[in-house]
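K.L.:
The primary structure of each chain is shown beneath.
2 protein chains.
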Amino acid sequence: MTSSSGLDDVQAERLARVTLSLVFEPGDPRAAKLCAELGARELVDRLRSDRAAADITTDAGTRLPFVEPERDLERAAVMGLRFVIPGDPEWPTCLDGLAAAPPLAERGGPPLGLWVRGARRLDELSDAIAIVGSRAATTYGTDTAARIAGTVATDGWAVISGGAYGVDQAAHRGSMGVGGMTVAVMAHGLDRTYPAGHVDLVDAIAERGLVVSELAPGSAPTRIRFLARNRLIAALARGTVVVEAKVRSGALNTANWTGRLHRPLMGVPGPVTSAFSAGVHALVRSGAATLVTSGDEVLEVVGRVGEHALAEPRAPERVRDRLTVRLQQVLDAVPVGRPAPTDGVARTAGIGIVEAQRGLDKLEQHGLVSFAEGGWRLTDAALAH
Amino acid sequence: MTSSSGLDDVQAERLARVTLSLVFEPGDPRAAKLCAELGARELVDRLRSDRAAADITTDAGTRLPFVEPERDLERAAVMGLRFVIPGDPEWPTCLDGLAAAPPLAERGGPPLGLWVRGARRLDELSDAIAIVGSRAATTYGTDTAARIAGTVATDGWAVISGGAYGVDQAAHRGSMGVGGMTVAVMAHGLDRTYPAGHVDLVDAIAERGLVVSELAPGSAPTRIRFLARNRLIAALARGTVVVEAKVRSGALNTANWTGRLHRPLMGVPGPVTSAFSAGVHALVRSGAATLVTSGDEVLEVVGRVGEHALAEPRAPERVRDRLTVRLQQVLDAVPVGRPAPTDGVARTAGIGIVEAQRGLDKLEQHGLVSFAEGGWRLTDAALAH
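In order, the protein sequences belong to chains A and B.
Taking this note's numbering, the leading residue of the first sequence gets 1, the next gets one more, and so forth.
Taking this note's numbering, the leading residue of the second sequence gets 1, the next gets one more, and so forth.
These aren't lab readings, by the way, just hints derived from the structure by calculation.
Just to be clear, a hint being listed does not mean it is correct.
Copies of one chain are not kept apart here, so a pair can be met inside one copy or by any two copies together.
No farther apart than 20 angstroms at their CA atoms in a straight line, the calculated lysine to any residue pairs in the SDA-like style are these [as the list claims (entries may be wrong)]:
hint	residue 1	residue 2
1	K33	A99
2	K33	A382
3	K33	L261
4	K362	L7
5	K362	D96
6	K33	P221
7	K33	R326
8	K33	G344
9	K362	R223
10	K33	V325
11	K33	D8
12	K362	A101
13	K33	D127
Throw the hints in and build the complete structure from the sequences for me.
P.N.:
Set out below in structure tokens:
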């Protein structure tokens, strides 16, 4: 039973973290570090009393007088948003990996908290795959993203992406299309939707999945906030698939985070003439990413050992492939047109007559040769292969 | 100076090897082994006197009475063909690797000799790259093969392939188109050309490069002979590029040989929806092949260390990418429309006013912001990125 002071503690912690999320840019590694050292409430106290380090105070101090954490929480609740923090039952432990991972582009550390919209729970994300790629994707890219999303969703995996145009929206739709769970991690406050063209999509995702952000309501997306957001996409997933990415794509930043978190990174190739696939090709070439061509291959990479072991892709077997080399040699020596006697077949094949006879009998059993008019010839079945 | 008995020796060796090439299927590992142990002339003697192992004698014995090695050599010379054997100055030493490599599909060992057509020499092949792939290639595959061949040929590398439809012919043409040397390794006797549609192409290759075969004139191509031929393509080259290959493509057999010979294997990806690229994707995925997207990347793999080191593919750098995260934060806080005063920018950015001022001055120097009407706004240059 949680005592009222226990509830007060949790609420105080939540308010402190809301405060911090309002005064610091998301993914500020110094804020994450100080919060881990001092605790959220102590850090807020120090900021208020100017007792934190000078540069921290300068940053946070400029905004601090203007923040209203309680009001923001109340207004968020009205909008159907909640602020989830470490210690809450639904806090996803997969984010802990961010504590140890080195910063990238001056963004790093676990989030102080997450604003969440949707009836599902963050801790349902134990089996999630991130699917990312270019906004300006080709239909090859979006078709592939949707197909892979549908396959992994059918297998019970949640699909995580960034709610953007191109690959992201295809991944979300591919998952929802088979009734799967999808999570959109945004780089702005959840009171609005960017891009505006995705209002309906994000509403649908909130209804069947989750929409998540490190940014408080009222925050607009910026390039830094996209970079910060990408680490969350990578950290919430078991592994990341990059479907299409040009050489300077934001998806490569997400790929970089996947590596930092020691999670499997996968890339879907495309035509080498396509600039949209060049970023993926570079990742595969460097060894950073494993080449995958389907959802099944993705599952083989991220799945439990042995569970999704695929057979090597094989074309349908043909009868003649099951023949020994020697039998193939005999078969090659049998004419199409005018039948040849056994010794003629033996000579063409370069083998003894006894062995040729045995071989021809076997081939006749396989239906590949027939004897007529004093000689052997190939059957229609043999010619069909 | 070679004495007349020395010349007789060489001629006797040549005749013995022609004999063996006429009685054994190419790439018969037993023949290669016995020839290495006993020498060609001793092996022929034993075959003639039935002193070789029973199965060997059975095979060779059936054909032996019918072969006429001197006549074949004379007729070959009339056709402009020569039979090159180990010990000849032009014998390519890169084929020696086949002695140690384990057999594959019951084909193996170095060739007993090679029938050659063309004024170039086999020992010019110290720097050669094999380019192989599907006969039923797409234009994506043939365009890519031709482009890669042109690039490596321009850099002085010979291009080796199999003279077939599809990827092979594109590789040969791509090389010849830039005046490069190309070698077609065929699976039949060089008195004719298969496919018949490539008579002119093979004539052109013989004129500017070389046409090579393990098969004596009069021999038709068979599946086993294609398998035997593939090991020669791999063995004559420093490395092999597979451009397009379905999952049951002969090119995968050549790829397998490349691995057995410990030479670099490279694969060109394509759309994952294309069955024509599925074989290549499987090779890359398994780690057997390195993904390459261009001739330059091929050269980086096969070239001498450091000679062809490529820069990571980069998009053209933009001014804002050279900014620190802090300057980007300031830039993000500057409005597009109505100018904002310095303290307003500072508050939006969440930093101190002194630092905001410094940042804005820097950005003004970069031409990204301008001060007018009492405030800061973004310049057109900033908006263009």
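K.L.:
Against the earlier hints, flag every one the structure doesn't satisfy and list their numbers going up.
P.N.:
As far as the earlier hints go, 2, 4, 5, 6, 8, 11, 12, 13 are violated by this structure, in ascending order.
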